[in-house]
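**Student:** Each chain is listed here by its residues.
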Amino acid sequence: MKSQNSLAILTFVLMLVALYAIFIYAPTERTMGPIGEVQRIFYFHVSSNWTTFLATFFVFLNSILFLMRGTRELDIRAATAAELGTIFGAFGLISGTIWAKPIWGIWWTWDARLTSFFLLWLILIGYQMLRRVVDSPGQRARLSAVFGILAAVDVPIVYMANRWWRTQHPAPVIAGGAGSGLDRQMALTLCITMVAFTVLYFYLWKLRCELERTGDTVEALQRRLQTQGLEVR
Amino acid sequence: MNFLNQTAAILWKDILTEYRTKDALTSMLLFGLLVILMFHFAFEPDSLETEKYGPGLLWMTFVFAGILGMNRAFAGERENDSLQGLMLAPVDWGAIFLGKMLANFLFMLVVETIILLSFTLFFNFDLLHRLSWMVTITLLGTLGFASIGTILAAISMNTRMSDVMLPLLLLPVALPAVIGAVQATAAAFTDPPGEALTFWVKFLVVFNIIFVTLPLLLFEYVLEE
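Those protein sequences? They're chains B and W, same order as listed.
For what it's worth, the working numbering labels the leading residue of the first sequence as 1, then goes sequentially.
For what it's worth, the working numbering labels the leading residue of the second sequence as 1, then goes sequentially.
Treat the hints as calculated values from the structure; they're not laboratory data.
If you're wondering where the values come from, they're calculated on a predicted model, not measured in any experiment.
Heads up, a few of these hints could be off.
As the list claims (entries may be wrong) - Here are some chain W residues the structure puts well away from chain B; computed CB gaps all over 10 angstroms:
hint	residue
1	N5
2	Y19
3	F31
4	E44
5	Y53
6	F64
7	L83
8	L86
9	R130
10	S156
11	N158
12	V173
As the list claims (entries may be wrong) - Have a look at the derived ranges for each label pair, beta carbon to beta carbon:
hint	chain 1	residue 1	chain 2	residue 2	range
13	B	C209	W	A42	30 to 38 angstroms
14	B	I41	W	D92	47 to 55 angstroms
15	B	M160	W	P192	21 to 29 angstroms
16	W	S118	B	D216	50 to 58 angstroms
17	B	F12	W	L139	51 to 59 angstroms
Stated by the list, open to error - Far from chain B, by Cβ distances over 12 angstroms, these chain W residues were calculated:
hint	residue
18	N2
19	L25
20	S27
21	V35
22	H40
23	G85
24	F119
25	T136
26	E224
Beta carbons: idealized from backbone N, C-alpha and C, even for Gly.
Please work from the sequences and hints to get the whole structure.
**Tutor:** Right under this line is the structure:
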């Protein structure tokens with residue numbers, strides 16, 4: 001409990017620092033013209049996407065570990081990582097489209113990165129849907145672990161397939177973006193935001209795992225009361 | 001019985017079942033022909049448009065017809081608990097996977113051959129002068145798809161909404177196979193064949209190596225009770 005509180009405080013402080021860095025410390029982007037301020041969304045955008053990849057990696061890792069050891073804890077970790085990945089992924093997608101509309105003039109383009117990220121997000125949702133429609137807990141854990149591994153291996157392949165495909169058929173003009181080289185202050189801001197998001201991720205993950213464990217305990221207690229003939233509601 | 005014999009036995013059992021019921025093949029085939037009919041009415045394509053949309057259409061048809069067939073693959077095993085029987089039989093579980101996968105692969109190939117022929121017929125489109133490439137691409141694209149489809153069908157069989165879950169899980173994971181197959185087919189359609197052709201064929205080979213091995217290794221965890 002104590003480590004959880006300190007993690008909460010750390011997240012809060014880091015988020016404040018990140019907000020300061022994004023809106024006051026970092027210079028305004030020039031090449032995007034009068035709407036250069038839009039670029040500030042980039043820090044949150046990249047950070048939430050990074051967190052989504054991190055979460056997916058944890059789904060993959062904990063799924064493999066689960067198949068090897070089969071403990072409930074590993075199943076909880078994989079499942080909750082997928083949930084958080086979906087949330088951060090949704091945030092990444094939304095912030096990306098908000099940025100793309102004024103800069104590219106379109107909400108969406110079927111660029112390699114966009115396409116594979118969207119697919120990753122759909123896979124994460126599919127993973128959770130799978131968990132919902134399997135009744136037995138042991139089976140749910142095993143099946144979702146197998147799917148988690150297959151899906152995670154798939155993501156880099158989709159990315160490469162898209163990249164090769166698009167290099168052969170150039171996509172519509174993609175201008176802007178940080179492009180080559182990032183201003184030093186901008187790079188620092190990005191680093192701070194990414195660290196803040198990572199810590200936020202671990203904080204939420206911890207809370208979510210705790211919640212799941214509490215749910216397990218409650219269920220076990222209910223079952224025990226039921227065997228003693230007591231009705232619980 | 002060694003591993004190959006076991007695989008062959010499972011495969012033969014599935015072929016025999018299908019020969020007697022003809023459930024999967026009939027539904028897949030009818031579905032495929034209906035998609036071609038819909039394509040005609042939705043787009044009224046001329047020969048240029050057929051060249052442009054044909055590869056995509058063909059693979060969309062293969063994919064959805066394949067899903068239709070694979071949904072049946074394990075549904076049959078659930079009736080009378082015959083899957084339980086298979087698991088208790090003295091066979092390697094990898095052989096169960098491989099046998100079922102090859103059966104799905106085979107059924108898809110039969111359907112695809114007929115769809116390709118009718119595509120040639122209905123749209124006056126000469127696939128035959130690219131025959132060797134079309135055969136290669138179809139074999140490679142279908143193998144990886146059937147492999148992922150078989151393990152995911154085994155997964156979705158255990159869920160409350162098995163028919164719905166299979167496409168939801170399979171389509172995103174099988175996407176690279178579809179991209180590779182469509183790109184390769186498109187390259188094979190042009191005259192002379194595009195340079196991308198060999199590249200995408202190699203891509204499909206690599207994809208198949210990964211996605212035949214991985215399900216083979218993971219399948220025992222799906223069956224485990």
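**Student:** What are the numbers of the hints the structure violates, in ascending order?
**Tutor:** 10, 11, 12, 13 and 26
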